[in-house]
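Visitor: Here is how the chains run, residue by residue.
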Amino acid sequence: MQRQGDSLRRGFATKDIGAARATHVARGAAWLRTARHGGILALIAVLLILPVFLPNNFYYDVAIKTALNAIVCIGLNLLIGYAGQISLGHAGFFALGAYASAILTSHYKWPGLLAMLAGALGVALLAFLVARPILRLRGHYLAMATLGLGIIVSIVINREIPWTGGPDGMSVPALRIWDWRLTGPVTWYWISAGALVLAVWVSLNLVESPVGRALRALHGSEIAAETAGIETSRYKVLVFVVSAVFASIAGSLFAHAERFVTPVEAGFLRSIEFVTMVVLGGMASTFGALVGASILTVLPQVLTAFDEYKHVVLGAIMIGVMIFMPRGLVPTLMSLWRRRAS
Amino acid sequence: MTVLQVHGLTKAFGGVHAVADLSFSVSAGHVHSIIGPNGAGKTTLFNLITGVYTPTAGRIVLAGEDVTVLTTAARAERGVARTFQNLQIFFNMSALENVMVGRHLHSPRRLLASLVHLPVIKRANRDARDRAAALMERVGLAAYIDAESGSMPYGALKRLEIARALAAEPKILLLDEPAAGLNPRETLEIDQLIQSIAADGTTVLLVEHNMKLVMGVSDHILVLDYGRRLAEGTAAAVRENPDVIRAYLGAGMEGGHA
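As given, the protein sequences belong to chains A and B, one line each in that order.
The numbering of the first sequence is the working numbering, which starts it at 1 and goes up by one.
The numbering of the second sequence is the working numbering, which starts it at 343 and goes up by one.
The shape of chain A in the complex, shown without the other chains (with noise of 0.2 Å):
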């Protein structure tokens, strides 16, 4: 690129169109180096070339599963990995944007991208009623009342079979654009890398502003966060509150997706596994996040092959990983290239 600007400063030397050339081709040349921009278009080039490595239905599932954890784990990550606060409650979330779609579509006939943002809205607002009191406490106060949360959404979901289908779960009508009917697992496939481009672009947005820098500051240093002007408990409800949304939105695509929501969704595990899956991938870092869900979706996939061990072998992993590279697999990896590049 250096030597692009050189060859194209020396053509044009002495003209002015010349040297607004260099200085757009450097500037070009700039914006694609940023992590951001940079990312993202590595991001997309994969998701592209992807399908030709998709054989059948059930690799395209994967794939749309892959996706949606992903954009969970993202939201997520904005939440713990940047904000260091923690929510074992996420599964709920999801779940609610599952059910919210699925209820408001099939019993009220709600077009689904109204369903959807209705759900988002219902999850930021109790998101918003849950973390209010419970932010302005230090400590693992947040990691007990989402826990709980997460719980009590999944025991409604449950128990409310005339609503919800119970423990059977219930199915989803497709989703409806005005008069285009959004189905198969293809179009499922594109619709889900759409909307992860769109997930890792806001995220990648949001920590390199201001208030993306007033998250990682309450982080770093709480009093001296209050100190530069930042209120920490404003910043904690808001963060909280967008990687629920994040997870609403996830789970609402989930739905009409898979055609089919049952309350495993909810479930505790599923809470587990997505904190899992961002400190695997690697704490404060957006693409760490999709990489730790990537992994962590698509292995134990690959490790039927071991049957009842499978479980074993996906947690000796885990443990080989945070032993190895407690920072997470990319943020290790990345400043073990940054060290060989310099």
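Incorrect hints may appear among the rest.
[To be verified] Pair by pair, the computed Cβ-Cβ distance ranges are:
id, chain 1, residue 1, chain 2, residue 2, range
1, B, Glu-490, A, Ile-319, 24 to 34 Å
2, B, Ala-476, A, Pro-111, 44 to 54 Å
3, B, Ala-476, A, Arg-339, 23 to 33 Å
4, B, Ala-485, A, Asn-56, 33 to 43 Å
5, B, Thr-352, A, Arg-136, 24 to 34 Å
6, B, Ala-484, A, Pro-111, 54 to 64 Å
7, A, Leu-50, B, Ala-485, 39 to 49 Å
8, B, Arg-420, A, Leu-137, 25 to 35 Å
9, B, Pro-450, A, Tyr-141, 30 to 40 Å
10, A, His-107, B, Glu-511, 55 to 65 Å
Hints are computed from structural coordinates only; laboratory data are not their basis.
Ideal Cβ placement from N, Cα and C applies to all residues, glycine included.
Using the hints provided, position chain B relative to the given structure of chain A.
Guide: Same frame as chain A, now just chain B:
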């Protein structure tokens, strides 16, 4: 003009009065120092002024407004900035980003604009980055602009906190032992930095044990002992005060001033 007034300020931890019925005022553009032996209540006083602690009794008035019950962030918004005796660096951020956080109150903070990266956010990022870099140069950290905060030496981190505090463009800057742990050359640089900050019109409230530094830069000195005012006045007046000599300065004073 008075920037800060403290009336009958008291802070009791259990039965111990860390600050007891303390009153003083700080006039604009000056360097005011607070000295006293360890445990005299200096850092407690800073924590009361910045709102980290709520006083047991008394009032704190900032530029004519009573801020006694306001939060730390609300006081920051009204122009109070500080550094910390025990460093409070955002070690999860780069050196430059630490200073950029100092621009928080001057930056757009709307969530939706941030999520979609509107031009106003891009401009704010660029502006914060430029100002932070300029401030790092000003405090003598030009070499660390691209550094990770975790890889910086202690003396540089002290100055990084000053740069971060200055980024907020405060009315009054509270420096808690800025020269602690620094070598003589670095201390001299801090001395010059404090003078230039005051010359730019920012009031400085300084807690410091290095008497040479304090006597050199201060327009006004408040001597604390057991949370009470022992003496107050110019450097010369305080130096001559028999109570001060007995309680605190003693022979060390001459050594420090030689």
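Visitor: Determine for every hint whether it applies to the structure shown.
Guide: Comparing the hints with the structure gives:
1. B:Glu-490 / A:Ile-319: 24 to 34 Å: holds (28 Å)
2. B:Ala-476 / A:Pro-111: 44 to 54 Å: Holds, since Ala-476 of chain B and Pro-111 of chain A (Cβ atoms, about 52 Å apart) stay within the stated range.
3. B:Ala-476 / A:Arg-339: 23 to 33 Å: About 30 Å separates the Cβ atoms of Ala-476 of chain B and Arg-339 of chain A, which means 23 to 33 Å holds.
4. B:Ala-485 / A:Asn-56: 33 to 43 Å: Distance hint for Ala-485 of chain B, Asn-56 of chain A is violated at roughly 57 Å.
5. B:Thr-352 / A:Arg-136: 24 to 34 Å: The hinted range 24 to 34 Å holds for Thr-352 of chain B and Arg-136 of chain A, with Cβ atoms some 26 Å apart.
6. B:Ala-484 / A:Pro-111: 54 to 64 Å: Since the Cβ atoms of Ala-484 of chain B and Pro-111 of chain A sit about 57 Å apart, the hinted range of 54 to 64 Å holds.
7. A:Leu-50 / B:Ala-485: 39 to 49 Å: Hint holds: Cβ distance 45 Å, inside 39 to 49 Å.
8. B:Arg-420 / A:Leu-137: 25 to 35 Å: holds (26 Å)
9. B:Pro-450 / A:Tyr-141: 30 to 40 Å: holds (31 Å)
10. A:His-107 / B:Glu-511: 55 to 65 Å: For Glu-511 of chain B against His-107 of chain A, whose Cβ atoms are near 56 Å apart, the range 55 to 65 Å holds.
Checked against the numbered hints above, the structure violates only hint 4.
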